[in-house]
Amino acid sequence: MRSIPIGILKIGLPRFYVALWRAGFVFCAVAFAFCALAAAAADSQCPLSQAPPGAEVETLTRHAGFFNEPSVAINPRNPQQVVVAYQTGARISYSNDGGRSWRAASDTKPRNYAVSGDVSVAYGNNGHAFLCYIAFDKLGTEEYWGHNATRNGIFVRQSPDGGKTWQQPAVPVIEHATEPGIPFEDKPYIVADNTSGPYAGSLYVGWTQFTLTQSVVLFSRSEDGGSTWSKPIRISTQAGLPRDDNGDVEGFSGTVGPDGTLYVVWADGTHVVLASSRDGGRTFAPSRRVIPIAPPYFQIANVDRTDGFPVISVDPHGGNGAGLLYAAWGDYRNGDADVFCSTSADRGRSWTLPVRVNSDPIHNGADQFFQWLAVDPLTGTANLIFYDRRNDPENSKAVVVLARSTDHGRTFHNYLWMNQPFDPNKDFIGDYTGIAALGGRVYGVWTEERPASGGHKANSPLHHTVVRVGIADFTQPGNSN
Numbered sequence: 001m002r003s004i005p006i007g008i009l010k011i012g013l014p015r016f017y018v019a020l021w022r023a024g025f026v027f028c029a030v031a032f033a034f035c036a037l038a039a040a041a042a043d044s045q046c047p048l049s050q051a052p053p054g055a056e057v058e059t060l061t062r063h064a065g066f067f068n069e070p071s072v073a074i075n076p077r078n079p080q081q082v083v084v085a086y087q088t089g090a091r092i093s094y095s096n097d098g099g100r101s102w103r104a105a106s107d108t109k110p111r112n113y114a115v116s117g118d119v120s121v122a123y124g125n126n127g128h129a130f131l132c133y134i135a136f137d138k139l140g141t142e143e144y145w146g147h148n149a150t151r152n153g154i155f156v157r158q159s160p161d162g163g164k165t166w167q168q169p170a171v172p173v174i175e176h177a178t179e180p181g182i183p184f185e186d187k188p189y190i191v192a193d194n195t196s197g198p199y200a201g202s203l204y205v206g207w208t209q210f211t212l213t214q215s216v217v218l219f220s221r222s223e224d225g226g227s228t229w230s231k232p233i234r235i236s237t238q239a240g241l242p243r244d245d246n247g248d249v250e251g252f253s254g255t256v257g258p259d260g261t262l263y264v265v266w267a268d269g270t271h272v273v274l275a276s277s278r279d280g281g282r283t284f285a286p287s288r289r290v291i292p293i294a295p296p297y298f299q300i301a302n303v304d305r306t307d308g309f310p311v312i313s314v315d316p317h318g319g320n321g322a323g324l325l326y327a328a329w330g331d332y333r334n335g336d337a338d339v340f341c342s343t344s345a346d347r348g349r350s351w352t353l354p355v356r357v358n359s360d361p362i363h364n365g366a367d368q369f370f371q372w373l374a375v376d377p378l379t380g381t382a383n384l385i386f387y388d389r390r391n392d393p394e395n396s397k398a399v400v401v402l403a404r405s406t407d408h409g410r411t412f413h414n415y416l417w418m419n420q421p422f423d424p425n426k427d428f429i430g431d432y433t434g435i436a437a438l439g440g441r442v443y444g445v446w447t448e449e450r451p452a453s454g455g456h457k458a459n460s461p462l463h464h465t466v467v468r469v470g471i472a473d474f475t476q477p478g479n480s481n
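In terms of my numbering, the numbers along the sequence shown are unbroken and rise by one, the last being 481.
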């Protein structure tokens, strides 16, 4: 979270430290000098031009406004149903025909709160969609979120009909009344257990709590389909700083292995941190730092702010029956922002050396950022979405890329999902993108700086961001890459 200037709402996560590792300088120099040779050896594409098979892109926000930080989920019981959540507000667009058409849900804004956002969405194994978000009346100061903050909390709503209607009122996961030094709850992420394991149907939410003295990662579970939530527990062994900088602990995401084990990650300023639970979220093993992301700051030129927060997903068919874990994050080790991925076949105890996901020449000065990850539970393919500046010699304007691995994360093929460059520095585009995959169909969601469609002008020069959804179809023969 950051401050909220008049006329523009910025709900999201602060920046954090990322890695500057030394590795592969000889290869990097060769790749930079010989782009064609690198392309043959490592799928290097400079500039990137190939679209994914069956590519479609649709604008979801068709009226003037300021929209960002989207999340997307596919119904495992009915893959034709897809739900996208985004802010400002807790807004929903949904499709009942596999993305051919989209509608906006009504009455999704929370009651009795002035502001809401930081949305995430998931489908449960009962076919219901679940929307998780924060709501508050007033933030604290940027230096200390707990100072002068007022009522706030984290809430969950569910939809039994593919996103058309949503339960009202929302169910609180945690909620605070007005009092001095009130904690502030930030950036929740919801996970559904859709496995056949012992905790199938459980729902999990993790987030960061800011107080006057520290930031910690909290966790709550629901065993009754989101009707009630357990008392939050702290799962971060180490606390972070209480202010909006790179020393806090933030960026929670989670996934469930085929045996019901819950794996969650976040960043603590210097590492990707992993914690796991084998009893449905009742208890967690002590959190561990598993992947270094050392200083300097992860800051990208000509972007309001950027995050390299980690994301975790699982291939349920890998890892000798326990699932092959994937972790993706943003990293500055090569002198520009890149996206990286590592895997673990032993329940997160050890991780492979990082694989660079973006296929442009190394050390070329082009930035890739705002990555999100989804492993297709049916095909086992890993899919990542991110913003990419490789096509702009000035490293200013960005396009949207889909990266896909069919060999357990060893290599990634890059596709150009959106080829109309936009300037990510004109308006606040949020802190993350989103992606979901099922049975070879991939849905990605992102924010662009664009005028509102239909020629309508926004209320101010700042209010020109839209949420878009991209679709890729790898179900046809010959389209497995």
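Be careful, since some hints might not be right.
With a Cα cut of at most 20 Å, we get these calculated SDA-like pairs of lysine to any residue [what the hints assert, rightly or not]: (1) K426 / D304; (2) K426 / N302; (3) K164 / D304; (4) K109 / E58.
Note that these hints are calculated values from the structure, not bench results.
*Could you grab the alpha-carbon distance between K426 and N302 and see if it respects the 20 Å cut-off?*
9 Å, holds
_Check the hint pairing K426 with D304 against an upper bound of 20 Å on the C-alpha distance._
With Cα atoms ~8 Å apart, K426 and D304 stay inside 20 Å; holds.
*For the pair we were handed, K164 and D304, check the Cα-Cα distance against 20 Å.*
34 Å, violated
*Given pair status - E58, K109, alpha carbons within 20 Å*: 23 Å, violated
Going through the hint list in order, the structure does not satisfy hints 3 and 4.
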